[in-house]
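Trainee: Below are the chains, spelled out letter by letter.
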Amino acid sequence: MRLSGSYLDGRSPTPHPVAIWREVHELVFTDGMSTRRYPLPDVEFEAGLPGLPDKLLLPDGSVIEVSDPVGCRQLLGRLPLADRALEWLHSGWKGLGLLFALAAVTAGLAYRYGLPWLAETAARHTPITVEKLMADQTLRLLDQTRTLRPSHLAPARQRALQALLEQAAPAHSAYRYQLTLADAPAIGPNAFALPGGTVMMTDQLVRQANSDDELFAVLAHEAGHVEHRHGLRGVIQYGGLSLAVSLLTGDSSSILVLAPLMLADMKYSRDFEREADRFAFQRLTATGRSPCLLGGFLARLAAREEASPLLTSHPGTKERRHPDGQRCPPG
Amino acid sequence: MHTAPPDDTQLSLPKNTPPGPPPAPLTPDALRFSFSGDTGAFFRIWIVNILLSILTLGIYSAWGKVRTLKYLYGHTRLAGASFDYHGKPMAILKGRLLIVAVLVALALADKLTPGLSALLYLVLLPLLPWVVVTAMKFRLRNTSWRQMRFNFQAKAWDAAGPYLAGLLISVLTLGIALPYARHWQQQFLVNHARFGNAGFEMGKCVGGYYRVFLKGMLCALLGFVLIGAILGLASTTVFGGMPRGSLHNMLWLVIAGGLLYLFFLLMWLAIGQVIRDGLANEVWNHTVLDNNGRRHRFESTVTLRQLFNLHLGNAFLMLISLGLLYPYARLRALRYRLEHLAMYPTDDLADLRAKPMSGRTALGDAAVDGFELDLGL
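Chains A and B are the protein sequences, given in the same order.
If you're matching positions, the first sequence starts at 1 in the numbering used here and goes up one per residue.
If you're matching positions, the second sequence starts at 332 in the numbering used here and goes up one per residue.
Isolated chain B, as found in the complex (with noise of 0.2 Å):
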């Protein structure tokens, strides 16, 4: 009478898998993440996007964002199904149109008196716990996997720790410890994060942190020690013999000038997305999905030079197309990191289980707190 499901899965695993060391790489017991969309389709998207929130004066950007979701979501699977974002492109709108309005008062209160706004920022300040657990809540609530919906579950002042005291402790120590505050935040943003009865749980990885950030800094120095010492040596031995203030020596002046800002921008956009991609390595692989004692483990094999070598190529390749290769750059390193990520689960994830909560009428009351608000650029 009926056809079997489009994606018939391997989801049920042999029960009782033999308990011992954990299972070395690529045996057949893990569960791949991988993703299954197309360039040409996320750029449609993509572009569409833009061009119609120009047309609508940004009010578009908010269905824009569910539609880009939706895609990158729907696409992203594990063990073969798909996540979905549910995100409601009002609550989205009304996110956006706050965080606007304080942005537009912070310029204003800037530049009339600065007393208002050290004033304003004092206020705001501690707002910050809040911001960032209504995002998280808005956000995982809104993502699904076979349907099943995640959680966030904190209060606003368990953030307070990570969020308040780890700001002031990078800034008294002059962002020495801002690998740890990270790590704090970080460990915060999982251990309250659930998957039906399943919780979340990471484990400490501060070392890992510290390397990840180190190797960053290390590598943009070296980058910029080499092109200064390139164009140092270039300019000493090609134009060396030029007169001073000759046209040519001028030339050379500006083509240098340009050749080190494109560097510049080149190495911030990518060193920042290496150490970005390189902390949620760390994160996955001391990250566990703890169902009543049966801990599915994760594990990353993203390397920092293979991270390196991506997103430079991405920055480059955005930087001569003047951002059009963006959706062909964003979903390159997607596909990267998703293909170099798996779940070892310890049995059966169909014991998974989850509330009902997700009932299209419990989002349409406003009731839930967190789903009104989208406060997550």
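Okay, chain A solo, but in the shape it has when bound (with noise of 0.2 Å):
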């Protein structure tokens, strides 16, 4: 069997007309004057993508386009499994039916567990001394802002509610915990820890409390963060999602990417909130106290219009009620 071919040597544009068969292990090829011969193995087959024609590339740099696909691969052989499974791919539906699914369940699978778990192990290798530079950037940022004043509680109260910190962590704690008071009349009431294991707590927080039970319960709440290195594993779990989706999307510019960003990360977020959540369920209960306590505040803060929009990213108070199935008195 013999295939017409376009030969062109690399060094000229002027490409030629030749003849091609296959002798046992050669390619053979002519153009009427000379004729060439490469042993098989030599000579890499390029099966051609849609419209465009399959290549014969020869060990010296030169090409013979052939335009006739079935020809060129009986002349060949078989194309490589890879060469032929992309092939199937691109031209039934039921490939890439099938592709999309296990698609989707990578990415899925990915996000659900693969993700976390990455940033949960890296972050446990991580020293607290990395997670205490973290947040004193934090901190350095909150200052250059100005959002937060001097706390105008007493200093004996402050010193109180620092014990009360030091009791809600656990007693072998690997962090040194540190109760940061302050007035922020434009955050409202609100508590956030930092990792490594600063808590900041607002004035106006503490005078929302009807009891320091309940301050207990937010403390507990914001240590199960410090604990779970909610920080450090945010941080990463935000960075890997904003590369994958780079990766996908290219060229595209970042604007367009943020919003479906913040969506993905807002589900981790709430899940970090779950997790602080039971550790402060376990430390209330630890120390004799009811684990009603904070989902019955929090619901009361969320009841006045003071609340903080921070809380959105957290579960809804409603799930925070029922502790471990507990059941809580209403109000």
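Be aware that a few hints might be false.
With a Cα cut of at most 25 Å, we get these calculated SDA-like pairs of lysine to any residue [as the list claims (entries may be wrong)]:
#1 Lys-419(B) with Ser-12(A)
#2 Lys-419(B) with Leu-439(B)
#3 Lys-425(B) with Ser-12(A)
#4 Lys-94(A) with Pro-50(A)
#5 Lys-94(A) with Lys-425(B)
#6 Lys-94(A) with Leu-388(B)
Calculated from the structure, these hints are not laboratory results.
In this text the structure is predicted, and so the values were computed from the model without any measurement.
Two independent chains are provided; combine them into the complex using the hints.
Mentor: What follows is the structure, given as structure tokens:
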């Protein structure tokens, strides 16, 4: 069987029409004047993409283009498995459907288990000093924006609350807990944990509490964030998400993918809150307090107008009021 | 015994064309660029690329890039003959891993201490010329027309002027010198590009660069004023009577905000592309391929107005299809640009000669710098 092809030597732009055939283990071609032969293993076959010719790449860099795809494959035998698989994916809809299902499952698993697992493992192997550095960075930023003013609480009260935080944290913790109180009318009643053991609480939150036990519940929740390294894990997970999205979308601008990115990250942040809640429930029970304290206090805060909008990335207060399936008194 | 080649072309032109003024557009001497690709087939390549990239956690994306570029280059035709892309997936994968590693390091340093990240930037910035030259070498050496490879001949040091000094003056002049710097960089890129024994040359067109930038900005500004006026008028006339804080009022605010955001996205997507293609238009019209004194010139006839319509339409289609129409939009833009591009050779292109640098075994050796690493995203 003879095929016609077009020989391009890579040195000049003029194509030479050639006839190609196979002699046992050699590829032979002639332009009518001279005949050349190459051992088949030296010839690389490149399957043509839709609408493009197949190519035979010769060892010296020259190329023979063959427009007859069937003939070229008969000449050389079967395509490599990877090439055949790719052609199958590009030809029918069945392969594409299967691929779509597999990709969806992979993406779902990576999002739900892969990335959180990766972040958790990485965080566990990160020294605490790194978390402290992160916290210092955030504190500096808060200082610059001047959202926090010195607390108006009496020094004795502040010391009592620091003791309460140390009580809320586990007995043999690797972290040194430090409570920072601040007056922040712009933020309202709120508390948040920084990586490395610093917990910030606003005067506004302290004033809203009916009892120190309620503050204990909030502090235990924040200690949960610290113990589970949520600050560091959050950074890693958000970075992983944005990396995956930018790899997929390639050249599209980052502003387009910001919204779905935030949405995807929201689930991670709710998971962290649940984990911190479970930690708080444990600490409350272990110290002989009611696990209902956390949900009750947060529900009361949410009912007030001045409740922080930061609470929106948290689980619904309804869910928090039933710690471990327990029933809590209403109100 | 053998049949004619499939693409018997009008490559050989009558020799010794009389000297004189450059030919008017659409003379028979013009070699036109064209695109023969098919949207359906390209959509397949694109979607399989994305899905396999997800399935392999990003590894396949390097192979996908090769398939995409092979398809696009292969269907780009000049004088009936096609271009080809020869990049090796492993080289692309290595380059991408390196870029990801650097990005991760920068992000981590940024989270930890500002001092460390500033230090990293200081270390990385001088590497920019090397990155540019490496990326260009990879791109051009792996691009061919009729299997003749292009080449990029420059040392990393040569890129220091346009890229480091250019960056510096753009920052120092608060962006006023940005078009000038871009022109400087582009001239560097074109003037070191070669095709066989012929070299590309780009003349000065700083004025054209400024015109394109100004028109693009003006267009964006007018668009914002227009949409602002429309929304403002609508909110006062239609919803002005509503009591403040009512449900309808809130709804209107949300809708208006959404519209503004969408419009901003559309403009953001379109204007950038219009400026990019408008600049490319200037570059082509000031570029010649010099083959031992015979200067083949190019002519690109895209207009900013048509580019604007094209890219605004594309951005709109992408938005309403959530990106699914990306292959259609990309081919539409490519086809438009190629069909408005032509080459005017002074005589026979068959005289072009390339050095046999493209041997497959030479690639395998990885001895030639620039082949091993693809740093162009």
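Trainee: Now tell me if each hint is right for this structure.
Mentor: Status of the hints after comparison with the structure:
| no. | hint | in the structure |
| --- | --- | --- |
| 1 | Lys-419(B) with Ser-12(A) | holds (23 Å) |
| 2 | Lys-419(B) with Leu-439(B) | violated (31 Å) |
| 3 | Lys-425(B) with Ser-12(A) | violated (32 Å) |
| 4 | Lys-94(A) with Pro-50(A) | holds (18 Å) |
| 5 | Lys-94(A) with Lys-425(B) | violated (32 Å) |
| 6 | Lys-94(A) with Leu-388(B) | holds (22 Å) |
Hints 2, 3, 5, counting from the list given before, are not met by this structure.
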